[in-house]
Amino acid sequence: MNTNFIARKLGVLLLILAIGMTAPLAVSIIHRDGDADAFIKSIVIIAAFAFATLPFKQKSGNVYARDGAALTGLGWMAVVLLGALPYQFSGRFVSFADCFFESASGFTTTGATIIENVELMPHGIIFWRSMTHWMGGMGFLVLMLALMPSTRANGLHILRSESSGPGIEKFVPKVRSLARILYLIYITITVIIFVLLLLGGLNVFDALIHAFGAASTGGFSNRAASVGAFKSAYVEWVLIAGMLFSGINFALYYALLHGKVKTILKNTELRVFLIIVVVSAGLIVLNIAASGMLDSVGNGIRSSLFSVVSIITTTGYATADFALWPTASRLILLILMLLGACAVSTAGGLKIIRVIILWKAGRRETMKLIHPRTARPVSIDGKTVDDDVVTSTVVFFTVYIAALILTALIISFDGQSMTTTFSASLSALSNIGLALDKAGPTGSFAIFSARSKVTLAIAMLVGRLEVFPLLMLFTKQSWSRA
Amino acid sequence: MNIVIVGDGKVGHTLAERLSDSRQNTITVVDNDIHALKKTEYALEVNTILGNGARPSTQRQARSDKADLFIATTDSDERNIVCCLTAKKLGAKRTIARIRDPQYADELRSMAADFEIDYVINPEQIVAGDIARHLAYQFAYNIEMFARGRAMMLEMKVTPDLPIVGRQVVDVNRRISSSILIGAILRGETVEIPKGESRILAGDHIFLVGSASRISSFCDAIGVHREKAKSVMIIGGGRIAYYLAKQLYEENIYVKIIEVSKQRADELAELLPGDILIVNDDGTDDKILLSENLAETDAFVAVTGIDEENIMTALFAKSVGVPEVIAKTNHIGYSSVIKNLGIDYISNPKELTTNVILRYIRGLKNASDSTVNTLYPIVGGKAEAIEFTAGENTKHLDIPLSRLQLIPGVLVGIIVRRGEVIIPFGKDAIKKGDNVIIFSVGKQLSNLNDIFVRVRD
Chain Z
341 MNTNFIARKL GVLLLILAIG MTAPLAVSII HRDGDADAFI KSIVIIAAFA FATLPFKQKS
401 GNVYARDGAA LTGLGWMAVV LLGALPYQFS GRFVSFADCF FESASGFTTT GATIIENVEL
461 MPHGIIFWRS MTHWMGGMGF LVLMLALMPS TRANGLHILR SESSGPGIEK FVPKVRSLAR
521 ILYLIYITIT VIIFVLLLLG GLNVFDALIH AFGAASTGGF SNRAASVGAF KSAYVEWVLI
581 AGMLFSGINF ALYYALLHGK VKTILKNTEL RVFLIIVVVS AGLIVLNIAA SGMLDSVGNG
641 IRSSLFSVVS IITTTGYATA DFALWPTASR LILLILMLLG ACAVSTAGGL KIIRVIILWK
701 AGRRETMKLI HPRTARPVSI DGKTVDDDVV TSTVVFFTVY IAALILTALI ISFDGQSMTT
761 TFSASLSALS NIGLALDKAG PTGSFAIFSA RSKVTLAIAM LVGRLEVFPL LMLFTKQSWS
821 RA
Chain A
55 MNIVIVGDGK VGHTLAERLS DSRQNTITVV DNDIHALKKT EYALEVNTIL GNGARPSTQR
115 QARSDKADLF IATTDSDERN IVCCLTAKKL GAKRTIARIR DPQYADELRS MAADFEIDYV
175 INPEQIVAGD IARHLAYQFA YNIEMFARGR AMMLEMKVTP DLPIVGRQVV DVNRRISSSI
235 LIGAILRGET VEIPKGESRI LAGDHIFLVG SASRISSFCD AIGVHREKAK SVMIIGGGRI
295 AYYLAKQLYE ENIYVKIIEV SKQRADELAE LLPGDILIVN DDGTDDKILL SENLAETDAF
355 VAVTGIDEEN IMTALFAKSV GVPEVIAKTN HIGYSSVIKN LGIDYISNPK ELTTNVILRY
415 IRGLKNASDS TVNTLYPIVG GKAEAIEFTA GENTKHLDIP LSRLQLIPGV LVGIIVRRGE
475 VIIPFGKDAI KKGDNVIIFS VGKQLSNLND IFVRVRD
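First to last, the sequence lines map onto chains Z and A.
Letter by letter, the first sequence follows residues 341 to 822 in the working numbering.
Letter by letter, the second sequence follows residues 55 to 511 in the working numbering.
Treat the hints as calculated values from the structure; they're not laboratory data.
Warning: the hint list may mix true and false statements.
As the list claims (entries may be wrong) - Simulated restraints on C-beta separations:
(1) Z:His711 - A:Gln498: 51 to 61 angstroms
(2) A:Asp122 - Z:Asn639: 33 to 43 angstroms
(3) Z:Leu524 - A:Gln498: 44 to 54 angstroms
Unchecked claim - Here are the simulated BS3-like pairs of lysine-lysine, each with C-alpha atoms no more than 27 angstroms apart in a straight line:
(4) Z:Lys723 - A:Lys300
(5) A:Lys497 - Z:Lys602
(6) A:Lys143 - Z:Lys600
(7) Z:Lys723 - Z:Lys602
(8) A:Lys497 - Z:Lys723
(9) A:Lys282 - Z:Lys723
(10) Z:Lys602 - A:Lys300
(11) A:Lys282 - Z:Lys397
(12) A:Lys300 - A:Lys282
(13) A:Lys282 - Z:Lys600
Quantities reported herein were computed from a predicted structural model and do not represent experimental measurements.
Yeah, the Cβ is synthetic: ideal placement off N, Cα and C, and Gly gets one too.
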């Protein structure tokens, strides 16, 4: 591996982290909540790590896919560990395992929390939690690529290993422009949500926290009852739209800006995504109505749509306690947890595009049984999907499920119910943050043991980085020189 | 500039690489091979589109309609023509097509006009021309003509026996000739613009500019002689051999081509004049080469389709004492190794073709004021010799060069004024209508005005 390159870029990454941390520091100072020291200490330590990479001179050596993946894996581990420092120094968390969990949950945009009453937490810490969502949403390394001077095309390896889905299409020639466009779209969405929330009567702090949480599809709230606390249909609709738009492939916004409406209308992934949302919400409304829990049709539609969008975009905001819903409704939500939203969005999960590829690959296998020598490539939007991509999608799915089973197995020793164990594992892996039963909207992840919290935090990272960049770091070959 | 390149082969890739270095260019590469495209996508800052480049729908995806320049370099001439036609109909401003079949060679101009193709390149013809020019100046590594043939640049390897070894540049000018100029020195992989006190070392490549006659007399003075080859042996009867044999024949050089395929040998015998000897045998067999009097020939040219065979046979020819040995290689990656093998000249079609296209593009960029006439990249574009014509809009006309501060890494090489070659000194000035040849390192100039910083008092 190109050690110098990786070390140097890690330094830049940590510098961005340190600079980012000045924002919660400011919030903390303004609100005089007593955590300014914790932030200053953290910034100093992170900056020291960043400057420690300066002796590594960036040589002209080549950067390959493995270097991009290694940087992604190492970078995220470093960021999550060092991003936990303010929590630790503030003294408001019981153990470092808790801090690590909260930090991983933040950066991976999971939004699961071990804080039992979030309303007792000071502003600075709350702001930092939500800010980690925002920084992790589109990706740290993508931000770095957007800010750094163009370093040839090597950035594509980095961009691909951090962004979600089977591979972002390079819709502009220069990687730096690509990173900038992604961030511009991201910032625009965030600002729109923020302004709309302000118009809905939220104060600046609440609006900012929820704009961060929705745009990054993270889900941290500063209210114990999450979005339900505002008791405002308007706020809920704004967030439904905000989460939905953050879960759509960002490349489509670029197409929209260029007037290619046709591309968007014809986009299979978007269509399937919207169909799933509408059908799931409809089924849940009917299911709730049938079980006699529906108070009014309007409220029922809104709250089921909110839950569906919140889960499928892997955000994890809640307005209703769906842990109390009938079995079918809860199972639908559980399935949505696995699916996730579109590729190249801020959402987690498997991604709809992969589901489509899996579906089509399955159909092809069936066809092959009837006509063994049939030549039938998997194609999406009129474009053939390379067989390599099909294979890697199948492998990804398998490894994802394996990771889910392994996580659930470790968690199960805590002795929680099957539903809690399984849904919490899936929720962490898919970066949602809400689960069912005790880890549902009214509960928290505080019920788990320290061992389980660390396991879940690692599952979040595995899910966010889509398994392989992390797995690679644990192979002997990535560390040998030959 | 919006540039669309169809065909992600060697030439297409190199072009994309060199053109994407510039910030203003937006490049889209189209090909129907996903693996080639993937490689390009990761290596370069370009867009890639998978598909048949001749299809209007693919071209629309690649935004051919908005293209300032459309280049077709697929391996099929006909497809290249169709690509260019489609692009033009969609609205591309200019089109370039690679057309290499010798059958079209004589009608290229009229075909280009009929199909509205702005520029046609024939790589094999370019390579043949390059080799032929090299045979005319054997001691030279490369030769480039400037100012419509008035001035010449010659790249020469400094052998240890030359009297200029160890001398300072100013010393060479004072003692041997003041009417030529050493514009650049290539040492290993680095190029520098020499100053008066720079020393010339054995193993350097020096770039001389001046009029052809002055360069000849300079070469005579330092003891390198220009002996024209009288007989040339070519192995590999491909298109390059065809063009080369034709050209050498016109210069009254005795040509012998060894071609392994019976069919191709017959074809060549039909196409080429009867005085050219076509031997149907395996040119990579040392015994056959010897029996064809390899040792007696003045020059040996290996242009088969396989790099390794070209290099091996060239080395063999060198070992039996052929004075001038030339090999063609398609690989660009190993050039630093191949250069040191002792083969007199390596011709690289990919690099030559790319350079020709780049030169055309650079010339397009500023049609109005100071046009780039000729561009010669040194070691893959690290440095270049570039010819401008000073026009109305050129700044600082008629001001002595000694009063002008130029950007670093730039040297005004020679000025060609009404056919006369001037080696400029401090008192000389650039006048309107002059052809100015500039050497620059590390910068891509596209306008003569780019070289000036300010006027000193």
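Results of checking the hints against the structure:
Taking 51 to 61 angstroms as the suggested C-beta distance range, the pair Z:His711 and A:Gln498 conforms, at roughly 56 angstroms. For the pair A:Asp122 and Z:Asn639, the supplied restraint of 33 to 43 angstroms is violated, since their beta-carbon distance comes to about 58 angstroms. The beta-carbon spacing between Z:Leu524 and A:Gln498, approximately 30 angstroms, falls outside the hinted interval of 44 to 54 angstroms. Straight-line distance between C-alpha atoms of Z:Lys723 and A:Lys300 comes to about 48 angstroms, which puts the hinted pair past the 27 angstroms bound.
Restraint check for A:Lys497 and Z:Lys602: the C-alpha separation of about 43 angstroms exceeds 27 angstroms, so the hint is violated. Straight-line distance between C-alpha atoms of A:Lys143 and Z:Lys600 comes to about 21 angstroms, which keeps the hinted pair within the 27 angstroms bound. At roughly 15 angstroms between alpha-carbon atoms, Z:Lys723 and Z:Lys602 fall within 27 angstroms of each other, so this suggested pair holds. Distance hint between A:Lys497 and Z:Lys723 is unfulfilled; the C-alpha atoms sit about 41 angstroms from each other, more than 27 angstroms.
Distance check on the hinted pair: A:Lys282 and Z:Lys723 sit about 58 angstroms apart at the alpha-carbon level, beyond 27 angstroms; violated. Restraint check for Z:Lys602 and A:Lys300: not satisfied, since their Cα atoms lie roughly 55 angstroms apart, outside the 27 angstroms limit. Taking the CA atoms of A:Lys282 and Z:Lys397, the gap is about 52 angstroms. The hint is violated against a cut of 27 angstroms. Restraint check: the Cα-Cα separation between A:Lys300 and A:Lys282 comes to about 17 angstroms, which is no more than 27 angstroms; the hinted pair holds.
With a CA separation close to 63 angstroms, the supplied pair A:Lys282 and Z:Lys600 exceeds the 27 angstroms bound.
Going down the numbered hints, you'll see the structure goes against 2, 3, 4, 5, 8, 9, 10, 11 and 13, while the others check out.
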